[in-house]
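Visitor: Use the sequences and the hints to build the structure in full.
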Amino acid sequence: MSHKNRYIVVIVLTALLVLTNQGIIQYWLAQKKYDAKVINISGKQRMLSQRISGFIFDYSLTKDEKIYGTLKQDFQEWKSVHYALLEGNTERGIRKVGKGIENQLKPLNPYITKAEDWIEKLPYGVSSEELREVQVSQTFFLKEMDKGVRMLQDESDRKLRTIVRIEIALALLTLFVIFLEVLYVFRPITKNLLSRNQALEQSNKTLEEYAYIASHDLRTPVQNVINFAGLLKETMPDKMNEEEKEFLGYIELNAKKMEQTTRELLQFSTANRIEKENLDVNKLLDKVISEIKRKTKDADIKIEDVPTTIHADKILMSLLFTNLISNGIKYVPEGKKPEIRISGGREKEGVFFRIQDNGIGIPKEKYEEVFKMFKRLSPALKQQGTGIGLALCKRIVEGHGGSIALESKVNEGTEFRFFLPMV
Amino acid sequence: MEKLDYLIFVDDDPFTNRFHEIILKRSGITSDFTFFQYPQKGLNHMKELLQDRQSLPDYLFLDLNMPDLDGWQFLDELQKEDGSENLSVIILTTSLDRQDAERANAYPMVKSFNIKPLTVDFLQSLIPVSKG
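Chains as they are written, first to last, in numbering that gives the first Met the number 0: chain A, 0 to 422; chain B, 0 to 131.
In case anyone wonders, no lab produced these hints; they're calculated from the structure. Positions of the beta carbon are idealized from the N, C-alpha and C atoms, including for glycine. Hints may contain errors.
[Claimed, not checked] Covered by chain A, according to a simulated footprint, are these stretches of chain B (three or more residues, beta-carbon under 8 Å): (1) 78 to 89; (2) 95 to 105.
[To be verified] SDA-like mimics (lysine to any residue), calculated; alpha carbons at most 20 Å apart, straight line: (3) A/K313 - B/Q98; (4) B/K24 - A/E233; (5) A/K255 - B/T118; (6) B/K24 - A/T234; (7) B/K110 - B/P66; (8) B/K79 - A/E290; (9) B/K24 - A/L231; (10) A/K294 - B/I114; (11) B/K115 - A/L252; (12) A/K204 - B/Q98; (13) A/K275 - B/I22; (14) A/K232 - B/D120; (15) B/K115 - A/L231; (16) A/K255 - B/I114; (17) A/K256 - B/I114; (18) A/K204 - B/D99; (19) B/K24 - A/E290; (20) A/K256 - B/L77; (21) A/K232 - B/I22; (22) B/K115 - A/Y211; (23) A/K255 - B/D99; (24) A/K313 - B/D96; (25) B/K115 - A/K204; (26) A/K232 - B/R25; (27) A/K286 - B/R97; (28) A/K313 - B/A100; (29) A/K294 - B/Q98; (30) A/K204 - B/D96; (31) B/K24 - A/L230; (32) B/K110 - A/M257; (33) B/K115 - A/V224; (34) B/K115 - A/A213; (35) A/K232 - B/D99; (36) A/K275 - B/E101; (37) B/K79 - A/L231; (38) A/K275 - B/D99; (39) B/K115 - A/I212; (40) B/K46 - A/L230.
Guide: Next up, the structure:
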């Protein structure tokens, strides 16, 4: 059975169990209510029979018609309820009693017919023997009725015990279904997810290795093209015409770009290998800046207040700052002096850095895009990147558990801000 | 005047070897050098030199990423030979992996880990001060 089907079966089973449970509880509540009603009715019957015998004695002494009327009325009521209990009566909302109680109540029937005749005869006078007979019957009656009430009570308790047993069985069944659920649904699903995760991790690793090997193997031939183009440029300047020199320039330029791409791809594929150590930020920045200034002398790079030490990977941090600063310098329009400001500070759980430039800026809708691999803005700009630099920055920062974002104003400049947690 | 006696290069890429030859000639540090495009041949040659107690090269330039016998296997094999501690190896690679650099520097005979291409300046920096 597929995981989906197993899941459906388990859900249906659970739903059925919940519904059954609810049904039983509702039934039990209704039953309990009815049992209470019947027990109450039986109690009233007992009380009525007592009242009836009391009225008989009262009437035989006083001959008061009012008492006789009430006596007859009470007797009719008692009789009607008695038969309702034995046969059921929808108007009164009384169901037929169970066999046990029926056997208890039925033997009273001959006494009822007898009592009815007797009450009819009452205005015409009764002897003191007949009155004693009423008294004897009364004692017997009450005893039987007490038994009846007790039986009703017992039956109700028995029902309750059955219900409790069913409920326990249902709870055990629910536990069993949960156990099945864990065994046949959640465990395989978790296992499946884990193995998928492993497969994904493996595939990621393979891709990274592939990127590493591909870029690594490309570096030798690309370097050769650069080397020989450079040699040609040096040794043959007089033997080449302007057009040939132009072509050679293109070969060299493109090979250098390819070299840069392979280098950055290699850096990207290895940026997940993080070895943290305590770093002197100013020392690190000085090294990065002096390296950048070797290539772009006219850039004005200033370090303002920055955290003095951080715990991070030295090489990756150098790469991160180099990329962000170079990026700022690269995207300055021709004729404008690049100005870079580096600042930062400490926050509760880490440190942040800001790298501001006076470049062409990035429109708001492109904020997210610039961090994506091979996404480049401003194709018109002379200085072109590989489209890896900022993706690499993001990977480095996120690899350290941090985050990177930017704020920018078109034609005014951009500020990159990254946060590194320090715990 | 040449400042170094003898150099050996082991690199499977013939174009790199040709370029290094040109750079080497330009540097003028020596005219005695051998390029091995097949690492196994280079290793055999080195073993012979060590076993016959002949004079060793001033430097052995070794590439890492090579087929059949890579730079690491080359170093391991060499390390088994007596006298290998007297060798000076310079790693020349396109690898940017810092783990490679750390791993290479763990071999006592490795004196330097360099990213290609080889430059005239670097070659000239190898001349001992007394000879310079």
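Visitor: Next, verify each hint and record whether it holds.
Guide: Cross-check of the supplied hints:
no.: 1; hint: 78 to 89; result: violated (count 0)
no.: 2; hint: 95 to 105; result: holds (count 4)
no.: 3; hint: A/K313 - B/Q98; result: holds, 13 Å
no.: 4; hint: B/K24 - A/E233; result: holds, 15 Å
no.: 5; hint: A/K255 - B/T118; result: holds, 17 Å
no.: 6; hint: B/K24 - A/T234; result: holds, 14 Å
no.: 7; hint: B/K110 - B/P66; result: violated, 23 Å
no.: 8; hint: B/K79 - A/E290; result: violated, 40 Å
no.: 9; hint: B/K24 - A/L231; result: holds, 16 Å
no.: 10; hint: A/K294 - B/I114; result: holds, 19 Å
no.: 11; hint: B/K115 - A/L252; result: holds, 18 Å
no.: 12; hint: A/K204 - B/Q98; result: holds, 17 Å
no.: 13; hint: A/K275 - B/I22; result: violated, 39 Å
no.: 14; hint: A/K232 - B/D120; result: holds, 19 Å
no.: 15; hint: B/K115 - A/L231; result: holds, 19 Å
no.: 16; hint: A/K255 - B/I114; result: holds, 15 Å
no.: 17; hint: A/K256 - B/I114; result: holds, 17 Å
no.: 18; hint: A/K204 - B/D99; result: holds, 19 Å
no.: 19; hint: B/K24 - A/E290; result: violated, 30 Å
no.: 20; hint: A/K256 - B/L77; result: violated, 38 Å
no.: 21; hint: A/K232 - B/I22; result: holds, 15 Å
no.: 22; hint: B/K115 - A/Y211; result: holds, 17 Å
no.: 23; hint: A/K255 - B/D99; result: violated, 24 Å
no.: 24; hint: A/K313 - B/D96; result: holds, 14 Å
no.: 25; hint: B/K115 - A/K204; result: violated, 27 Å
no.: 26; hint: A/K232 - B/R25; result: holds, 15 Å
no.: 27; hint: A/K286 - B/R97; result: holds, 18 Å
no.: 28; hint: A/K313 - B/A100; result: holds, 15 Å
no.: 29; hint: A/K294 - B/Q98; result: violated, 27 Å
no.: 30; hint: A/K204 - B/D96; result: holds, 16 Å
no.: 31; hint: B/K24 - A/L230; result: holds, 13 Å
no.: 32; hint: B/K110 - A/M257; result: violated, 30 Å
no.: 33; hint: B/K115 - A/V224; result: holds, 13 Å
no.: 34; hint: B/K115 - A/A213; result: holds, 17 Å
no.: 35; hint: A/K232 - B/D99; result: violated, 33 Å
no.: 36; hint: A/K275 - B/E101; result: holds, 16 Å
no.: 37; hint: B/K79 - A/L231; result: violated, 43 Å
no.: 38; hint: A/K275 - B/D99; result: holds, 18 Å
no.: 39; hint: B/K115 - A/I212; result: holds, 17 Å
no.: 40; hint: B/K46 - A/L230; result: violated, 35 Å
Of the numbered hints listed earlier, those contradicted by the structure are 1, 7, 8, 13, 19, 20, 23, 25, 29, 32, 35, 37, 40.
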